[in-house]
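We have chain A already, so just place chain B on it with the hints.
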Amino acid sequence: DAGVIQSPRHEVTEMGQEVTLRCKPISGHNSLFWYRQTMMRGLELLIYFNNNVPIDDSGMPEDRFSAKMPNASFSTLKIQPSEPRDSAVYFCASSLARGGRARNIQYFGAGTRLSVL
Amino acid sequence: QKEVEQDPGPLSVPEGAIVSLNCTYSNSAFQYFMWYRQYSRKGPELLMYTYSSGNKEDGRFTAQVDKSSKYISLFIRDSQPSDSATYLCAMSARYGGATNKLIFGTGTLLAVQP
Chain A
1 DAGVIQSPRH EVTEMGQEVT LRCKPISGHN SLFWYRQTMM RGLELLIYFN NNVPIDDSGM
61 PEDRFSAKMP NASFSTLKIQ PSEPRDSAVY FCASSLARGG RARNIQYFGA GTRLSVL
Chain B
118 QKEVEQDPGP LSVPEGAIVS LNCTYSNSAF QYFMWYRQYS RKGPELLMYT YSSGNKEDGR
178 FTAQVDKSSK YISLFIRDSQ PSDSATYLCA MSARYGGATN KLIFGTGTLL AVQP
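Heads up: the protein sequence lines correspond to chains A and B, in order. Numbering follows this note's numbering, with no gaps: position 103 of the first sequence is 103. Offset between the second sequence (1-based) and this note's numbering: plus 117.
Hints may contain errors.
Said to hold, decoys possible - For lysine-lysine, the following DSS-like pairs were computed, each having C-alpha atoms within a straight-line distance of at most 27 Å:
no.	chain 1	residue 1	chain 2	residue 2
1	B	218	A	68
2	A	68	B	159
3	A	78	B	173
4	B	119	A	24
5	A	24	B	159
6	A	68	A	78
7	B	119	B	173
8	B	184	A	78
Claimed, not checked - Now the in silico label distances, taken between C-beta atoms and shown as ranges:
no.	chain 1	residue 1	chain 2	residue 2	range
9	B	157	A	78	20 to 30 Å
10	A	117	B	145	25 to 35 Å
11	A	51	B	230	43 to 53 Å
12	B	197	A	66	37 to 47 Å
13	A	66	B	231	28 to 38 Å
14	B	122	A	73	20 to 30 Å
15	B	195	A	85	40 to 50 Å
16	A	66	B	135	38 to 48 Å
17	A	81	B	135	23 to 33 Å
18	B	198	A	17	33 to 43 Å
19	A	20	B	183	20 to 30 Å
20	A	18	B	145	35 to 45 Å
21	A	117	B	159	19 to 29 Å
22	A	117	B	158	14 to 24 Å
Simulated from the structure, these hints should not be mistaken for laboratory data. As the structure is a computational prediction, the values presented were derived from the model and not from experiment. The beta carbon of each residue, even a glycine, is placed where N, CA and C say it ideally should be.
Just chain A, with the same shape it has in the complex (with noise of 0.2 Å):
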């Protein structure tokens, strides 16, 4: 399998440009997880999805954010409008989610940077 896979690797963008971000999941995965990565705060989770559902969205920093997974194999965040304050590294997440004590790994995509000017 490729992996994670996401894209664009790197997008720069102007202040108040609508930034998509995008997310192939490993096949077969059916948690997917966005992630937001700066020097200062460290990898939070933004938002994540299970079965292509929403569960826990409370770590979108604004309604300027927003996710959605249309199907089991593609994700998008979208910034709208983009700032400043928005530019770090946006990881996305997979994995196959089980209950008991399975161990839900989640495997990483290579992330994408965001420099918003």
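Using the frame of chain A, we list chain B on its own:
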């Protein structure tokens, strides 16, 4: 106070040294403990996984969990320059659903000097 605390480093050691990385946490509900390794400009990858208290060894790596002290450690023996990376601890509680949220530490940057 953050749920998970981790010294950001950087930590610089000579090749062959024993490295000790640590995290403390405040949520007594955490039962699953992980260490992820992140190379520069890459995504984190799982290195070690431990359930509840105790030790787990995998090659040069040993993970320890002390739930009574809310303290976890990762030891690297005979460290190599290729071990140079950021190490993130992560943990989760057992929620009602099948998917467990992970709470990450901020990561410790390790540099192993040849």
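Do the hints match the structure? See the list:
1. The hinted pair formed by residue 218 of chain B and residue 68 of chain A meets the criterion: a straight-line CA distance of about 18 Å does not exceed 27 Å.
2. Between residue 68 of chain A and residue 159 of chain B, the direct Cα distance comes to roughly 24 Å. Compliance with the 27 Å bound is thereby established for this hinted pair.
3. Between residue 78 of chain A and residue 173 of chain B the CA atoms are separated by roughly 40 Å; this puts the pair beyond 27 Å, and the hint is violated.
4. Between residue 119 of chain B and residue 24 of chain A, the direct Cα distance comes to roughly 31 Å. Violation of the 27 Å bound is thereby established for this hinted pair.
5. This hinted pair checks out: residue 24 of chain A and residue 159 of chain B have alpha carbons roughly 16 Å apart, not beyond 27 Å.
6. Only pairs whose Cα atoms come within 27 Å are accepted, and residue 68 of chain A paired with residue 78 of chain A is accepted, the gap being roughly 9 Å.
7. Using a Cα cut-off of 27 Å, the hinted pair residue 119 of chain B and residue 173 of chain B holds, with the two alpha carbons roughly 26 Å apart.
8. Among the hinted pairs, residue 184 of chain B with residue 78 of chain A is inconsistent with the structure: their alpha-carbon atoms are about 39 Å apart, more than 27 Å.
9. Separation of residue 157 of chain B from residue 78 of chain A is about 27 Å and conforms to the stated range, judged on CB atoms against 20 to 30 Å.
10. Between residue 117 of chain A and residue 145 of chain B the C-beta distance comes to about 44 Å, which lies outside the given range of 25 to 35 Å.
11. About 47 Å separates the C-beta atoms of residue 51 of chain A and residue 230 of chain B, a value consistent with the hinted range of 43 to 53 Å.
12. The hint said 37 to 47 Å for the Cβ distance between residue 197 of chain B and residue 66 of chain A, and at roughly 43 Å that hint holds.
13. In this structure, residue 66 of chain A and residue 231 of chain B break the distance hint of 28 to 38 Å, their C-beta atoms being roughly 47 Å apart.
14. The hint said 20 to 30 Å for the Cβ distance between residue 122 of chain B and residue 73 of chain A, and at roughly 37 Å that hint is violated.
15. Evaluation of the 40 to 50 Å hint for residue 195 of chain B and residue 85 of chain A yields a pass: the beta carbon distance comes to about 42 Å.
16. Taking 38 to 48 Å as the suggested C-beta distance range, the pair residue 66 of chain A and residue 135 of chain B conforms, at roughly 46 Å.
17. At about 50 Å, the beta-carbon gap between residue 81 of chain A and residue 135 of chain B misses the expected band of 23 to 33 Å.
18. Separated by about 41 Å at the C-beta atoms, residue 198 of chain B and residue 17 of chain A satisfy the suggested range of 33 to 43 Å.
19. Remark: the range hint 20 to 30 Å for residue 20 of chain A to residue 183 of chain B is contradicted by a beta-carbon distance near 44 Å.
20. Take residue 18 of chain A and residue 145 of chain B: their Cβ atoms lie about 42 Å apart, and the range 35 to 45 Å holds.
21. Between residue 117 of chain A and residue 159 of chain B the CB atoms are about 25 Å apart, so this pair conforms to the stated range of 19 to 29 Å.
22. For residue 117 of chain A and residue 158 of chain B, the Cβ-Cβ distance of about 20 Å falls inside the hinted range of 14 to 24 Å, so the restraint holds.
In this structure, the hints that do not hold are numbers 3, 4, 8, 10, 13, 14, 17 and 19, in rising order.
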